[in-house]
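Peer 1: Chains as they are written, first to last, in my numbering: chain A, 1 to 198; chain B, 1001 to 1156; chain C, 2001 to 2365.
If you are wondering where the hints come from, they were derived from the structure by calculation, not from laboratory data. Where a beta carbon is used, it is the ideal one built from N, C-alpha and C, also for glycine. Heads up, some of the hints might be wrong.
[Stated by the list, open to error] Simulated DEER-style distance windows between Cβ atoms:
| no. | chain 1 | residue 1 | chain 2 | residue 2 | range |
| --- | --- | --- | --- | --- | --- |
| 1 | A | Leu-178 | B | Thr-1110 | 45 to 53 Å |
| 2 | A | Pro-174 | C | Gly-2220 | 54 to 62 Å |
| 3 | B | Asp-1095 | C | His-2178 | 20 to 28 Å |
| 4 | A | Ile-109 | C | Lys-2239 | 51 to 59 Å |
| 5 | A | Glu-160 | C | Ile-2139 | 56 to 64 Å |
[Said to hold, decoys possible] Computed, partial: chain C to chain B, Cβ under 7 Å:
| no. | residue |
| --- | --- |
| 6 | Asn-2206 |
| 7 | Val-2276 |
| 8 | Ser-2304 |
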Amino acid sequence: MEVTDIHPLVILFAAITTDNILLARFLGMCPFLAVSKQVKSSIGLGTAVVFVLTCTSVLNWIVYNSILVPYNLEYLQYIVFIIVIAAFVQIVEMAIERISMSLYMALGIFLPLITVNCAILGGSLFMISRKYTLLQTAGFGFGSGLGWMLAIVAMAGIREKMKKAKVVPQLEGPGIALIIAGIMALAFIGFSGVMKIN
Amino acid sequence: MKQTPDLDRAQQRMMPGELTLHGFLGDDTRKLVDIINEDGDAVLSRGVSHKQIADRLADIMEQGRDIMEREVNVEGRFTVTVRDDRGVLPSPFGDGCFEKGDCHVVDSETKSEFLFNGLTIHMIRTYGFYSGKGSQYRLEPAALIETFGIKPEAEE
Amino acid sequence: MDKILLAIEVLCGISLALTLLLLVAEFFFANYGDCEIDINNGDKKITAKGGGSLLSTLSEDKVFIPSACGGRGSCGFCKCKVDKGGGPVLPTETPYLSEEELKNNVRLSCQIKVKEDIAIRIPEELLSVKEFETTVESITDLTHDIKGVRFKLPEGETVRIKAGQYIQLVAPPYDEVHEPTSRAYSIASRPSDDEAIDLIIRLVPNGIVTTYVFEHLKEGDKAKLVGPFGDFYLRDTDKECIFIAGGSGLAPFRSMLYDMIEKGIKRKTTFFFGAVGLRDLYFVEEFAKLSEEHSWFKFVPALSGKEEGHSYERGLITDVVARSFEKMDNHEGYLCGSPGMIDACVRVLTAGGIPEDQIFYDKFA
C-alpha cells in the first residue's frame, strides 16, 4: 500500500494515539514538563498548539511543494519552516488579541512560546519525510496537535493528583514528571501497530 | 552552585539602588543560593526553623512598638526601638510589599545589636534569607538563636 | 554559484513575502485608528492613537491615574469606571475587583486596551493632577530629622489643591539608584498659595527619596512633582474638629488651617501635635500665634518625654486627646502621622463616640 492511499482520517487518529508526537516521538517535551502543573493552563497551551500545528503544517506543505521543490532547494526546509512558523505565530497572536481579549489573556506567554516548540517543526518535517498529500498533512497536523494536547492535559491531571502523594524528595518536580511521562509513553506504545501511517 | 532564574532575578533586585538605597547584600559577592544555603545549614544544624526565628523577631518587634517611637525595654533584656514609617517596601523576591519601619534591638547582656524590619522578617520566614554579609540588616542565624533563646521544636 | 544565489533569492523572497503578510496583518489587526476618550461625561475629551493601555494613553495626555506598579496589573490601584467601550472584564482584573465594583463597571485602567471610543469616569480631582517641573526655593531645617522644602512652580503655572492633599516628589537617579523614584508627601502650603508647594519631609534611614532630599537636594535645584492626590480634606459639616498629628504629619493641618482662616470657616478646632521632646517640635510659635488670633482654634502640643522646662501637655498623644474631651458626640477626627499612631488615635476617638466614618486619614501606600 502506498502512503498516498492512507485515508487522512486514519492518519488523524493514528497521530492522536499510536504515533502521538509527544509520547511516541518525545517532541515538545520542554513545555510538556514546564506547563503541565495545572489542567487549566495546559488546556490553553494545548489549544494553541493544535491550532498552530494544523495551520503551519499545511502552510509549510504548500511552501515546500510549490517553492522549494521546483527550485531544488529542499535543503532550505529547516530555516524556511521556522520562518514560516514564527511569522504565523505572530499573526495568530495579533488576530487573537483583536478578536478575543479574554482568550489572549488566557494563553498569555504560551502563544509566542509555541514558535520554539519542537513538536511544531517536527510536524512539518514528518509530513515531508513521509511524503504526505495536502489533505493527509492537514489530518496529520490536526491529529498531532490533538495528541499533544491529550498528552499534556492527561499529564496535568496526573500531576494535580500527585500533589497529595508522597514522593521521594530527590525525585520531586521534574524527576517524577519524567518518570510519569515514561509510563504514559509505555501505555501509548501499546497501541502501536494498530494503525499504519507510513 | 547554580541557581534558578527566580533567584537570579531576586539577586538582581537586591543590588544597591534597585529597591533600596544600599541593597540587601552588603559586600557579599556570593550567589544568593549559597548565602541562603549556608544560613539554612546554620539554622537546621541547631534544630530550629526559619519560621521560629521569624516569629520570634516579629514578636520582639510587636512588643517594642511605641506610637512615639521611643525605646522600649522588652523582657527586661532588650532595648528595642521601632520606627513607624509610612509606606511599604517591595520584596526583591517579587511577592508583595512589607512594612519598612526598622526595628533596632540592643541586647543588654551581650551588647550585640540587631536591625530588621517587616520585609527582612518576611524574607527570613519565607526564603531563609538573612541579608548578605556586610549589609546593615545582616543577621547571623547563630547569634539570633543564641540571643533570643530559640529552642528546637519538639518532634511531631 | 547560481545555486547559492538562487537559494539566497528564494530565502529573501519568502522572508519578504512573510514580512509583507505580517505588515498587512498588523494593518488589519493592530490598527485601531484614532479613539476618543471621554472623561466624566464630557469634562475632558482626549483623542489618541488606539492600541495602548488606557492608563498609559491617559498619562500621555497628562491625566494621571495613581498606580503603584506602573501598569503591570499587580497593585490594583488604577481603578476607573468605564461606561462605554473597553471590552469584557479580563481574568487579570477580577482578583482586584469586588462584586460591587464589577456591577458598577469598575475596571483596572492598565489592563484595558484602547481599541474604540471609550467613556470613563474618574474622581474629579484626578483631572487636576499634573506634572510640575519646579525649582527648589528654600530648604529649612525644622528639627534634627525633619526638613521643610519649598518648591517654586515655573513662571505662570499654578496648582489647584484641596487643603490636606498630598503630592508625589520624584527623585532622579543618583549614586547607585538607576530609576527615578517617587514618594508621597502631604502639602503644607495653603491652596491660595498656588505658585509654590511646601512639603515637610522626615528622614527615613535608607529611604531613597528622603536621603536624596537630605543629602543631595540644594536650593536652586530642579525637582519634579506629580499631583495633587488624595481625599483627605476638611469635610463640609459644622461639627467640631479634632486634628491629631505626629512627626511630619503636621503638614496637611497647616494647609487646612490657613484655608479655614481665608475662607472664614470658624468651626471649633483643636489641633493636637504629639512629639517626644522639645527638639521634635516645630512651627510651634506659628500655631500658637494662630490660636491667639482666632478664638475658635486651639493648639495643643503634647510631649511624651520626661524632659523638664516646658509648659506643654505631658503624656502620650492618645492620653492627652482622651482627657481633653468629656465626650465626642459632635466631633470629626482628622489624623496624620505614622500608621501606629493613627491606629491608636482611631481607637481613642471611636471609644470617645466618633463613628469610624467620621474619622479621616490618609494611609497613602
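Peer 1: If you test the structure against every hint from before, which numbers come out violated?
Peer 2: Failing hints: none at all.
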